[in-house]
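K.L.:
Generate coordinates for the entire structure from the input sequences, incorporating the hints supplied.
What follows is each chain in one-letter form.
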Amino acid sequence: MVDYAQKAGSEDSFDVVIVGSGAAGSVIAAQAARAGKRTLLLEAGPARQLSDLASSQLWARKLKWAGAPVGEEGNLRIGHVFNAGWGSGGSALHHYAVWPRLHENDFKVKSQYGRGMDWPLEYRDLRPYYDRIQAEVGLSGDARAEKWRPPGDDYPMAPLPVFAQGRVIGKGFAALGMATAPIPLAVNSTPYKGRKACLYDGWCDAGCPIGALANPLVTYLAWALEAGAELRNNATVTRVLHDSSGRKATGVEYCDAAGNRHRVNAGTVVLAAFAVQNARLLLASASDRYPRGLANSNDLVGRFLMTHPAHYIYGLFAEETQPHLGPTGGQLISHDRYLDKAKGQAYGSYQWIIATAAKPNDLLGMANTRPDIYGPALDPFMRRAAKHFGNMVFVGEDLPLEENRITLGAAKDEYGVPLAKTVHNVTAPTDALCEQALAEGKAVFKAAGADEPWNGPRFGMHIFGGTVMGADPKTSVTDAFGRCHELDNLYVAGPGVFPGSGAVNPTFTIHALALRTAERLLG
Amino acid sequence: MERDRRQFLKTSGIVLSIAVAGDVLLLSPASAHAAGLPYQVLSADEVSTLEALAEALVPGAREAGVAQYIDKQLAAAPRDNLLMLKYLGVSPGDFTGFYRGGLSAAGQLAKLRFDRPWSSLDTSQASILLADMAADQAKDWNGPPASFFHFVIRSDACDVVYGTEAGFGRIDIPYMAHIEPPRAW
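Protein chains in written order, with our numbering: chain A, 1 to 523; chain B, 1001 to 1185.
All the given hints hold, so there is nothing to weed out.
On the chain A side, residues computed to face chain B include the following (Cβ under 10 Å):
id : residue
1  : Gly365
2  : Pro371
3  : Asp372
Derived Cβ-Cβ restraints for the label pairs, each shown as a range:
id : chain 1 : residue 1 : chain 2 : residue 2 : range
4  : A       : Ala257    : B       : Arg1116   : 46 to 52 Å
5  : B       : Pro1038   : A       : Gln345    : 57 to 63 Å
6  : B       : Leu1112   : A       : Lys196    : 55 to 61 Å
7  : B       : Ala1044   : A       : Ala410    : 34 to 40 Å
8  : A       : Ser51     : B       : Pro1174   : 20 to 26 Å
9  : B       : Ser1119   : A       : Arg232    : 49 to 55 Å
FYI, nobody ran anything at the bench for these hints, they're computed from the structure.
Since this is a predicted model, take the numbers as computed values, not measurements.
Heads up, the beta-carbon is just placed ideally off N, CA and C, and yes, glycines get one too.
P.N.:
Shown next as C-alpha cells:
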C-alpha cells in the first residue's frame, strides 16, 4: 500500500488543485479562488497571452494538442489533436463559441428511447447554471427565434448579423419548410462587461485577441487569477495520489518543463484535462488499492468514449456569399431535427450549423473541400469559391458504447506515463442518422441554389465520455456533481463526465456543469 | 532602413526567417534559393522532387516556398510544428519519415514510369502520376498511402500559396488580421 500523504502546511499545499486550465478548470478555479480557497491550476501546455493569437490558420495550429500522442482506431476516430487544446485556456482558447443548450430530451434517453444512458440530473437542474453563466460571460442570440429552445433566460445581447452566406443558405431551409435562427454565440455583438464587440473577420479559431469571443483568457481563467489562483504552465501531472484508506486524494505529482518531479498536496483534486487525458491520468494512477486505476474498481474509467459524427455540406452559389465574413462558428442554426430522436432505422438528434466563416486553406478551408481538384484547375476553383462558396455542418448525436474506450498502451511519454490509446466506432443507427442528414443537407443546398452541392468526409467533432457521471456507482465513474464515487474529494470536470453526447456543441454545458461542481465541492 | 526592407519582403510575398551562423536572416524564398542556403532536413533530391510534385498539384507552390516551409517545420521541435499533418493521425516524431518515405516513393514512381525525375516530367506525365497517386493506383508504390501523401502535399502547397496574406490577396480575399503573424510561418 502506498501512502503519499505529506505533512499539512508545507509550502506546496493548496485547498484545491485543478489539472487543466481550459473551460471547466477555469470555472472551478475562479469559484474556488473567489471563495478564498488557495487554488492551483496545473497546465501541461505553455502560457498563452492574447497577444499570441496571430490571425493565421498556420499559426493557429500551435493552439492544438501537442502533448503526449494519443493513438486512435475505429471507423470514426476522435480527432484528438484537432479537438483538444495546448496551453492556457485549453481547447476553449480555439473553440468557435457556438453555445446552444442541451435539450430536455437529452437527459433521459434510456428512459425515453431505450438507448444510451440517462443522466443523473435533468435539464431543470442545469438550467439555473446555464442562465448564470450566460449572464456572466455574455451570449448573443435570439431566444424567440429558436423555437426549439428549452426554457431559459433571454440572451443578454442581440444576435450577431447574418451575412450573405447565411442569407443565401437560409433560403434553402425556408424553401423546405425548416426553421433557422441566429446561432447563440459566446461572442459579443455589442461591448459587454469591458470586452469589445466582434469585428466579424472570421479568425475565431486562431484565437480571438480582442476578447470579443469568450475564451478563458478573458473570462474565467482571468477571473481566477484576479481572485488569487495560481497557474503553473508546462506542468504535466503524472499521477493522482491518495491516502492509505483509498477514500481520499491527497494531491498530485507533476513534472515541470525541465523534467523535475514535484508533489503538491491538495484538500480537493479536480481533473479538468479534457476527456482523454482525465481517463489516462486515472488509469495511470493505479495503486495497490486501485490496481485497475484510480476510481476504477468497476472497470468503467475510459469507457463510453464519444464524439459527434459530423459532415460538412458545400456548394457554390450564383450570388456572392462573402464566405470569409462572420464568426468561424457560423451564422445560423437549425434544430428542427432535434426533438424527436427516433427516426426509423436511424437514432439521434442532430443540428445544422450554417454558414461558418471559411478561409482558403487548412483542414476545413475551401481548398481542402475539393481535394480532387489540383493542377491548373485549382486556381479557377479557388477564385470562384472566394466569392461564391457556402457551407454548413451536420452535428449528430453519438451513442455511448462500452466498447468505445480509452486504454493505456505499452509506450510511455517523456515522463514515464503510458500513452493513451482510443478506439471509437459508430454503429448502424448512428450511421443511418448521418446518411439521412447528408441527403437533407444536399436538398437544402439545392433549394438554396447551389449548382452541385457536395459533402466532406465524416469526422469526429468534440470528445466526450471516459469518466461518465451517473446515479449508480456500479455503472458510472462519478456522481451527478463529478465527484468520483470511490474518492470523497476527487472530482472530474469537462465533457468526459457527459453520459450522453446530445448533438450540441458542449462548451456551454461544460461551463454550467463546472459551476455546479464548484458549488458542491466548495460546500 | 531595416523596417523598409522588412516591409518590402512582406509585401513582395513570403518572408522566411532563416538562422545562419547564429544570425537570423529575413529572406524571400527566391532569395533563399538564390543564396544557396542549405536545407536543414531535406536532401537536394528530396527538395527537387517535393518542389516539382507540389508545383504540379498547386501552381505557384515552388515560388511560394513550399520546400522551405516543410523543411523548416521538420527542423522545428515537434511541439512547434505548424504542418497540417498533425491533424491527420501522424505523430510529429514521425513527420520526417513520412515525408522522406513519400518523396522516395514518388521519385521511384517517376523513374519506373518515365525513367526520369519529377523535375524533368512534362505536364502530361506529371498529371498521369498524380492521377495514379490520387486513386491509389500507383504501381509498386512503397511509401505512406499514395492518396494520403497526395492530399498532404497538396494541403501543404495550399498553405503556402493561399494561406498567407499574399495568398489571400491572390484570390481577392481581404486578410483582415487582428494581429499579423510574426512571419508567414
